[in-house]
Amino acid sequence: MTHDILPRVVQLVSLGVLALLLGWVLRLVRSSRLPLRESLPWLLSTLAALAVTAFPGLLVQAARVVGVQVPSNALFGAAIVYLIANVLHLTVTASQTAQRSRRLAQECALLRAEVEALKAGRVPLPPGPGPAA
Amino acid sequence: MRPLVIVPAFNEAKNLPAVAEGLRRHAPGVDVVVVDDGSTDATSAVAASLGLRVLRLPVNLGIGGAVQTGYLWAATHGHDAAVQLDGDGQHDPADLEALLAPIARGEADLVIGSRFLTREGFQSTGARRVGIRWLSLLLRLRAGARVTDPTSGLRAAGPRAIALFARSYPSDYPEPEAISLASRAGLTLAEVPARMRARVHGASSIRGLLAPWYIIRVSFGLLWPPARQALHGPTEAEPPRRATP
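So the protein sequences, as listed, match chains A and F. For this note's numbering, add 182 to where a residue sits in the first sequence, where the first one is 1. For this note's numbering, add 48 to where a residue sits in the second sequence, where the first one is 1.
Just to be clear, a hint being listed does not mean it is correct.
Stated by the list, open to error - Quick list of in silico lysine to any residue cross-link-like pairs, SDA-like style, CA-CA up to 25 Å: (1) A/K301 - F/A90; (2) A/K301 - F/S87; (3) F/K62 - F/A142; (4) F/K62 - F/S172; (5) A/K301 - F/L100; (6) F/K62 - A/A295; (7) A/K301 - F/A142; (8) A/K301 - F/L98; (9) A/K301 - F/D79; (10) A/K301 - F/S97; (11) A/K301 - F/G126; (12) F/K62 - F/V107; (13) F/K62 - A/H271; (14) A/K301 - F/P241; (15) A/K301 - F/A149; (16) F/K62 - F/A93; (17) A/K301 - F/S172; (18) A/K301 - F/V78; (19) A/K301 - F/T124; (20) A/K301 - F/G99.
Stated by the list, open to error - If the Cβ cut is set under 10 Å, some of the chain A residues that face chain F in the computed set are: (21) W206; (22) A245; (23) R246; (24) T279; (25) S283; (26) L286; (27) A287; (28) Q288; (29) E289; (30) A291; (31) L292; (32) R294; (33) E298; (34) A299.
In short, the hints are calculated from the structure, not lab data. We put the beta carbon where it would ideally sit given N, CA and C, even for glycine.
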């Protein structure tokens, strides 16, 4: 059964690669280069891939449950959805970061102008009430 | 009224002296900030030598981020009106008074300087005018804003518009979207005639294949504007509130 859909050599190489990936992610977490929260999808997906590689029968079962005839196609489908979700998440994170750095740059500009005015002996802020927010 | 003139400038060292001269002649004594949007030329030094206050951004944010820097300054320094005037010299400081008048009278929160009300001065090219018409139509249908020149970067803001724009301002091609934002936030719009000049130095950033992309990008922003709560809630970081030292 097992060697029908996954030759032994391919299985061993895959397990090795996945173990390396798992070790890499864990190392990133331990050296706090990757926050634990961000690492969870990676850990879970790697563990799932390990399980399916060690026991290919799982994939055959799962494919049968969702009605996909070729098990590898079910795997590809799931992987593509997972990757697209990942990229979308990254895009959202990137634009949040851009918005924050935009505000930081603006704050820098305001503070620099105020510091320069103070150094020149001028008062950068007028007296009186601030604007209605 | 304590108006602030916001001059966004990206590599405009050559054009700034004429802008400063126009401001001296037509609006003597008015507060001005030149927002240097991460220029690689002497924009900041030239502005400072002309006696203008410089807000120097450490990185290039694009026109939206630069203009918003000016609104942040206005909001935190007690200005009850702000005028955007491009640093490339295409806008005439002589129009300042007309732009500020509806705000002083309390009739409008946001006043757009339009090239097309009296059809004087630089009228842009045919294809661009078609695009501008289209954006006008979208603004009327989606935001209920009646504006003939939605891409005009010459505009004046009252206290409510200053507070709104300091809190949230569109980033990429912000002019039409800012009108949509203001209109949907319940601000009152007005338009006054303005004369614009073709630029003296440099080229438009929207040219060639970027022109259709500009229209698509902006149309998208106008057709699907942010949800209403985004207009009132703190969508971005809250604007800084500073006490007088």
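Evaluated hints:
no. : hint            : verdict
1   : A/K301 - F/A90  : holds (22 Å)
2   : A/K301 - F/S87  : holds (23 Å)
3   : F/K62 - F/A142  : holds (20 Å)
4   : F/K62 - F/S172  : holds (22 Å)
5   : A/K301 - F/L100 : holds (16 Å)
6   : F/K62 - A/A295  : holds (22 Å)
7   : A/K301 - F/A142 : violated (33 Å)
8   : A/K301 - F/L98  : holds (18 Å)
9   : A/K301 - F/D79  : holds (19 Å)
10  : A/K301 - F/S97  : holds (17 Å)
11  : A/K301 - F/G126 : holds (21 Å)
12  : F/K62 - F/V107  : holds (20 Å)
13  : F/K62 - A/H271  : violated (43 Å)
14  : A/K301 - F/P241 : violated (41 Å)
15  : A/K301 - F/A149 : violated (36 Å)
16  : F/K62 - F/A93   : holds (12 Å)
17  : A/K301 - F/S172 : violated (44 Å)
18  : A/K301 - F/V78  : holds (22 Å)
19  : A/K301 - F/T124 : holds (19 Å)
20  : A/K301 - F/G99  : holds (16 Å)
21  : W206            : violated (32 Å)
22  : A245            : violated (38 Å)
23  : R246            : violated (41 Å)
24  : T279            : violated (13 Å)
25  : S283            : holds (8 Å)
26  : L286            : holds (9 Å)
27  : A287            : holds (5 Å)
28  : Q288            : holds (5 Å)
29  : E289            : holds (6 Å)
30  : A291            : holds (4 Å)
31  : L292            : holds (6 Å)
32  : R294            : holds (6 Å)
33  : E298            : holds (8 Å)
34  : A299            : holds (8 Å)
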